[in-house]
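2 protein chains.
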Amino acid sequence: MVTIKDVAQEAGVSVATVSRVLNDNGYVGAETREKVMKAITKFNYSPNEVARSLYKRESRLIGLLLPDITNPFFPQLARGVEDEVNQAGYRLLLGNSDESIQKELDYIQTFAQNNVVGMISATNHVDHELYEALALPLVLLDRTSEDYPAVYADGREGGLLAAKALVEKGAKRITVMKGPSHIKPAQDRFRGAIEYLSQEEVDFSVMSTTSYSFEDAKGWAEELFSKYSDTDAVIASNDIVGIAILHEALRLGKRIPEDVQIIGYDDIPQSSLSYPTLSTIRQPAYEMGKQAAKLLITIIRKEQEIERSIQLPVELIERNTTRKE
Amino acid sequence: MVTIKDVAQEAGVSVATVSRVLNDNGYVGAETREKVMKAITKFNYSPNEVARSLYKRESRLIGLLLPDITNPFFPQLARGVEDEVNQAGYRLLLGNSDESIQKELDYIQTFAQNNVVGMISATNHVDHELYEALALPLVLLDRTSEDYPAVYADGREGGLLAAKALVEKGAKRITVMKGPSHIKPAQDRFRGAIEYLSQEEVDFSVMSTTSYSFEDAKGWAEELFSKYSDTDAVIASNDIVGIAILHEALRLGKRIPEDVQIIGYDDIPQSSLSYPTLSTIRQPAYEMGKQAAKLLITIIRKEQEIERSIQLPVELIERNTTRKE
DNA sequence: GTTCCGTGTGTAACCGGTTACACACAAAGT
DNA sequence: ACTTTGTGTGTAACCGGTTACACACGGAAC
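Protein chains in written order, with the numbering used here: chain A, 25 to 349; chain B, 25 to 349.
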């Protein structure tokens, strides 16, 4: 490994001078700078981040904690974060928590041990004591909290939008799927839908689910139609479940959207590839990731006093699982 | 930040002793160990990885370089890698290259600068000089090479399997989609299909595509049916494109699988949620990730002399876009 | 009784950077 | 002529761990 010493020796200067050239601070003579640059390129030297990080007590790493990138909503968040932090010269330490508090704690410890400059987390456990004790800039993503800056989309509004659309499109027997109760955004959108439906003159029923996973989606879809076979509109807990319901409905010979209307949630990429294409509530996932990263970076750089939360708009995307009228 | 010094002071011993307790090496008296443990828990101390990493010249990080986790095939690889390296006490530095050589080089530099112990890469540029110069254990994932250990699935076999299945199921005018030419595995599966079809007595045509992205998938599907409207079987370049083709065919009023049979590639989770469910060639993505991590770790630990490559089997998954016979 | 060895502990060097501080020198100000 | 100031550079301390080495002690072997 070629170190700053090697470069200094080659250039015939001290390590301090090399460091000054590298970081472009302090006084360095033009000629000296030249010599140092030459030595650097000759050796193809790039400074050791670990040493730098030790002295500075901060690395150029940012910790990103997500529930599970296997769920298609999260890779988009992650890319948004990544693209933005890269631009600012940071890199990502990634962790999937699987909604397990233990994994979450382990990752947070890892982040701290590696001197990350900040972290972005989509956790359901902000209230845990470890977050209080955390001496790191933290931005919540896809989650809210009184105590920390957060970037999220308005779940209640999303739920409301979905419910409203279905009512306006003539749905009479709506079924609302309730997502896993430990996942906050799932409850927000659920509440939004319920609140709207409660004040309207429609019948609706609620079906609880306990996971968002691909493996279980089909099961929820089957359960839905066996329990509520006469439902004419479904507010799915997310797009994956929505697509599963859609295809189960087709399999049962129902016409979409004439017999059953369906609205998903998230607008994951594959929703526009389903058949028929899925109407859904769009969350701007990539943009959310970007904003969270941006916010974290301004906090790190202390460019702004106000560490405020950012709410991004949700949007009804009308495709072909809802009626046109 | 609480350091080893604080712990040492609290316990009334030297930092060396604390270090010995932490790492469980060297001689430590039972009583002394007790005192140190108490101090550690009292302060909730956890050692700084950066300092350790500097002296040891290796961190507990592993670099993972993927093309784009937004493509649903890769999150599964990533999770396989993550779960396996976590078990061995390592963490992931993640990078998306977008198939860009510049991003790739940047990430590799980052990995080196952070003293990662090894890296796993799904690159198309192993032949690049930087890989030669790389002084890190490297395992290729979803890619092959003469020069490095690799974990991959047999693309040619996969292509062959797909072609064979279609021929056996009575397809007469097969269209083979050729994936982006700079992506190696895309070419392997294409070659496998072509080789098989060439020796059989069937007509087939080839349609070239230049991307795997969601956004473009629909376009490829439309192009396919406008160019080859009478095709009765399609070997899609991957599942995303396969699903797009499937739905475009339905939109055009074709019956699946009676009029058109379709076989995808990868078996991403959403393939079993499509309608009709997509027949495909399954690559064991999660398992591939796990194996790659496992292989890398044995190399790091030098547990085995032989740094061999591992080929995982592909498998035809017959669902409802191919005929039953 | 002397030597030897296993056990237990501390001191200090080291990893590769960054930076406070000291110092040297030349040009400008008085 | 003498101080001041701006510029350029080196020395060494420091970041928080790990470990080589030195040393002390007690019991076993001779």
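Hints may be right or wrong, so weigh each one.
The list cannot tell twin chains apart, which means a pair is met if one copy fits it or any two copies do.
To be verified - In silico DSS-like pairs for lysine-lysine, Cα to Cα no more than 27 Å straight-line: (1) Lys59 - Lys29; (2) Lys193 - Lys29; (3) Lys242 - Lys62; (4) Lys62 - Lys127; (5) Lys251 - Lys278; (6) Lys318 - Lys59; (7) Lys278 - Lys348; (8) Lys29 - Lys202; (9) Lys80 - Lys326; (10) Lys318 - Lys62; (11) Lys127 - Lys66; (12) Lys66 - Lys193; (13) Lys80 - Lys242; (14) Lys348 - Lys193; (15) Lys278 - Lys326; (16) Lys326 - Lys196; (17) Lys80 - Lys251; (18) Lys66 - Lys278; (19) Lys62 - Lys202; (20) Lys29 - Lys242; (21) Lys242 - Lys202.
None of these hints come from the bench; they were simulated from the model.
If you check each hint against the structure, which ones fail?
Violated hints (numbers, rising): 2, 3, 6, 8, 10, 12, 13, 15, 16, 17, 18, 19 and 20; every other hint is consistent with the structure.
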